[in-house]
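For chain A, the structure is supplied; the task is to place chain B on it using the hints.
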Amino acid sequence: MTALLELRNIWVEYGDKVVLERVSLEVAERSFVAMVGPSGAGKSTFLRLVLGQEAPTRGQLLLDGRPMTAQCDRDRGVVFQRYSVFPHLTALGNVMFGIECMEAPFTARLFGARRRAAREAAVEMLTAVGLEHHLDVYPAQMSGGMQQRLAIAQALVRHPRILLLDEPFGALDPGIRLDMHALITRLWAEHGLTIMMVTHDIGEAFKLGTRVLAFDKRRHDPHAPHRFGATVTYDLPLDRKTLPPTAAVDAPGQTALPERDIA
Amino acid sequence: MKRLVDIRPQRGTRLLLGALPIVTLLLLYLIASEARHVENPADKLLPTFSAMADAVAAFTTERDPATDRVMIVGDTLASLYRLGIGLAIATVTALLLGLLLGVMPLARAILGPTIAVVAVIPPVAVLPILFILLGLDEASKIALIAIGIAPFMTRDLTSFVASLPAEQSIKAQTLGANSWQLAIRVALPQLMPRLIDALRLSMGPAWVFLITAEAVASDVGLGYRIFLVRRYFAMDIILPYVAWISLLAIAADAALLFVSRRGFPWAHGGGR
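Quick mapping for you: the protein sequence lines, in order, are chains A and B.
Residues in the first sequence are numbered consecutively from 1, following this note's numbering.
Residues in the second sequence are numbered consecutively from 1, following this note's numbering.
Incorrect hints may appear among the rest.
[Claimed, not checked] Among the chain B residues that face chain A by a calculated CB cut under 10 Å, a handful are: (1) Leu175; (2) Ala177; (3) Phe264; (4) Ala267.
[As the list claims (entries may be wrong)] Here are a few chain B residues that sit away from chain A, every Cβ distance over 12 Å (derived from the structure): (5) Ile22; (6) Leu25; (7) Ala32; (8) Lys44; (9) Leu77; (10) Ile115; (11) Gly176; (12) Ile184; (13) Leu188; (14) Ala252; (15) Leu257.
These are computed hints drawn from the structure, not numbers from a lab.
No residue lacks a Cβ here, since even glycine has one placed at the ideal position from N, Cα and C.
With the rest of the complex left out, here is chain A:
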């Protein structure tokens, strides 16, 4: 399998502070990469790199074998913990936004038949995340879980090559979080997505991921803690879940005791 995303010896430095050092890895298409690690270990920096929000100080990022520019574009969709949806648009408007930007470069609005087509696509996506009865609701009237569902629908409507999730369920109630786990697993399987997710919840990482990356500092200088950056200290493929996604989802008990896989 060719790698969808490839990182070659990536370094990120802010001034003399090293955040990430020597990160090299490949991400296969249709994998679900969960990233864990303590605060300040560069998980979010890593995500911003892949997102294109930041450029590496050294090293190279390749998407589909081509060098990536340090600019956000529609190859990568993203869902943040908060502020992922536009407060001034209804659920439908939020999802249609991506289609409108693509099809109407100047007005960013569609009319007539093209609008109806965009609306249909948006409704379909909202139905897939379970928001089909909340098309005309503004985000301020939604619960946290609904807002995250909306953010996912909004990101997926443009069919990104990689979906990046930055602690997407961190602010949700435990019960809602379980619903969201089921939702993202189903979407991942049905749409053949490639997902990279940062999380603080190790259980969540092992439950959802087909591969878990742990970020931490390998070396530590007590007199100059900023001089060594973090890197990927563990790269754990969870073999039982790297089956074709559809089979993986159907198999019962698939996510039970995943810790054994790494023992």
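Coordinates of chain B only, in the frame set by chain A:
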């Protein structure tokens, strides 16, 4: 016993309590005016309500020979015209500059310092310059209002747009939006309710600039009238005029709030 901070009056009680100070002030005025008139029936400083009513009747029916309009109608139209054009110029300027500067850090770097400098100049201090450059006609009065409030509004809108969560901009870009689409679909709609807020806050200063300009050089207008009749100690005209100006200001504020609630329900706690 409930703590003071926990006592929340009901709607009816609240209206009653709110009316209390106003009624008290009116009563105090009545008593003071009465007392002065007992001493001197020709007192002009605190005219009685009946004297004011006579004055109101006069300036709402008699025609001003200069404009051939009922006095208060002519004054109100002239003032609202100046105020309206001034506010419109300021609003459009602030909207365009605020959007540009808020969305593009590059534009902010170029124009931000200039606007900051212009904003600290006391507008009334440049009034003589405006009179010299633009003459004593409408243009200078309109310019004073626009120059007086546009910099404040621009800075307010710029900082508002710049403080929109970075996540929104990134999300829009991942959805394929370019800079232009980002400005008109993400920043502009969210800016609109803030623009109305900024306009509401600017109404007070705008009236100050209007009345100042009219007081200095004018031949019609609410501010002109007040300063004109001041020479005759005509408090019976000044007080109703001031009340009328307050009423206009309250109405404008209420209208703007209504527009904001209607047009941008998502900015007022949801609703459709």
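**Prompt:** Which of the numbered hints are not met once you compare them with the structure shown?
**Reply:** When the structure is compared with the hints, numbers 11, 12, 13 turn out to be violated.
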